[in-house]
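S.K.: Residue numbers (the working numbering), protein chains in the order written: chain Y, 925 to 1114; chain U, -10 to 110.
Possibly wrong hints are sitting among the right ones.
[Stated by the list, open to error] Subject to a maximum C-alpha distance of 25 Å in a straight line, what follows is the list of computed PhoX-like cross-link-like pairs (lysine-lysine):
| no. | chain 1 | residue 1 | chain 2 | residue 2 |
| --- | --- | --- | --- | --- |
| 1 | Y | Lys1108 | U | Lys0 |
| 2 | Y | Lys1108 | Y | Lys1093 |
| 3 | Y | Lys1001 | Y | Lys939 |
| 4 | U | Lys0 | Y | Lys939 |
| 5 | Y | Lys1001 | Y | Lys1093 |
Hints listed in this document are in silico derivations from the structure and should not be mistaken for laboratory results. All figures in this text were calculated on a predicted structure; none of them were measured in a lab.
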Amino acid sequence: MSQPDPILSDDEDDKRLMALVAEGDDDALRMIVHRHHARLVGYMRGEVGSQATAEELAMEVFIRLHRAASRWRPDAKLSTYLIHIAHNLVLNEWRRRGRKPTTALEFAAEPGDQRHDSARRVTELDEAFQRAIAQLPTEQRTAILLVVQQELPYEDIAGIMGVPVSTVKTWIHRARSRLRELLKDFYGPA
Amino acid sequence: MDNFNPQPFDKDLSAALSSGREISVPGFADRVIVAVRLERRRQTVIRWSSLVTAAAACVVTVLTLQSPSEESLNRQTVALVAREESSPLADLLGIADDLSLLTPVVDKKSSIVDVLATPGS
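So that you can see chain U by itself, here it is in the shape it has in the complex (with noise of 0.2 Å):
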């Protein structure tokens, strides 16, 4: 060390750390090592979950690509109100054959009509 002139402070200060420059401690690698592989294993587990999460993340938007648009649902959901509402009605009226019942008398060719309508009758 030729940072320092020896002077007997120096010394003593060199003496009071140095006995401290190492610290031995049994079994210490051994501790590193599995410190070590205990981390490789989680990183192992990140990895493979965030390529799941990636995996799970492209099918959600595949499947919301593929899906209707808003404004294709709209209009679905429209189309069935409308039937949901107009059904009572049909059923008030009864099946669509019927309405020809419905028809005024007038607009119906009757032989009635004819004989009353022709003049000089």
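Same shape as in the complex, but just chain Y (with noise of 0.2 Å):
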């Protein structure tokens, strides 16, 4: 029994689905990663710069979030909480790899990549703030990620982050400042 309740709000319906979850109903995961997995290979995607990747790690996400799922207790949204675990996982996979993905190519649309391409129309401005976003240090490009593409608060994102507030925003003054440089053929100097 997991269809969605008209009258509880999305937080308030992932509290429920993820009680069913707990209780091995399959309907209620498939039901949560519908909701949540765009958003969630959307800021991968960003992180990672691979479409593949992207979704193999957000895979892992849900398939821990299930693993999880009797010890989980709802004080936060779920949304941050999926985001909470891919932000580890991409911290792993970093150390995994043993570098960062500073070079533009690997942030390039991938071959047969339709998906991505149609959707977003890459201009020739986008295409440069990808390039841009992908040299920043790895900790400045998850802030600005969390804070201008999930539109998280800076609380949220200090806690998943693992740093207090005012770190968080210190990371993302020099994100801005140093994509101000790097865009300076667009904007000027800053």
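From the two separate chains plus the hints, produce the assembled complex.
M.R.: So this is what it looks like as structure tokens:
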């Protein structure tokens, strides 16, 4: 019985569904995945650059969510919890690779990536932004993605990244300054 | 989003990032469910195999505890070796009853000896 409840908000419905997932209800998990996967894949894509890796990591996020369903406590929104798991996986991915995606090539659209290309209609400016963001230090890139792309409040970002709010603000400020510098051809000197 | 003042740069940044905010992947939920079911099955196998391993360990422990100690085994080995070493001698000498043949004559009661030993005979 995992039909969406029209009266409940998404957050409340997530809690209800998670209780069902903890009891082994695959349909409830399917609904959670359906609701959250696009945003998660978008975030992962912004972090790692590759669509295939982004999907692989997003899948791992949901497998971990399923594994932890019985221990999950609805202290935070499920979407924030998912981004938290995703962020840890991204950090692991960088450690495993032993490097960061600093090349523009890695962030360019992949062959056959019709979904990405057609949906985004990549303009020259968009592409310049993507390349510039790829050159940011990891923590600055994560912070700017979470605040601008995922529209999370500073407090949530601080919780996800395990740092004080003031550190998040500093990273975002530095990220913006660096991006302005990298995109000075478009906006002039900062 | 109230964290930023909307300036041209921030608007463009927001537009550039927001365009990739959501990337819907057809069939993604089905793939997740398949992966979760596979993992569930793998966990079941792991649980059973660890149960079987634990049971096997218990059986081995019981068998080990019931078997003779090393000291006892040593004693048995020594006894066996001793038996092995004594058997050729026994073969040489014949059966135990034959040993009486080797008993010195002087130790035996003999009428001849008695006669010779009797003073004045």
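S.K.: All hints, please: hold or fail.
M.R.: Going down the list of hints, with the structure as the test:
1. Y/Lys1108 - U/Lys0: holds, 16 Å
2. Y/Lys1108 - Y/Lys1093: holds, 22 Å
3. Y/Lys1001 - Y/Lys939: Distance of about 9 Å is within 25 Å: holds.
4. U/Lys0 - Y/Lys939: violated, 34 Å
5. Y/Lys1001 - Y/Lys1093: Holds. Y/Lys1001 to Y/Lys1093 sits at ~22 Å (cutoff 25 Å).
Violated hint: 4 only; the structure is consistent with all others.
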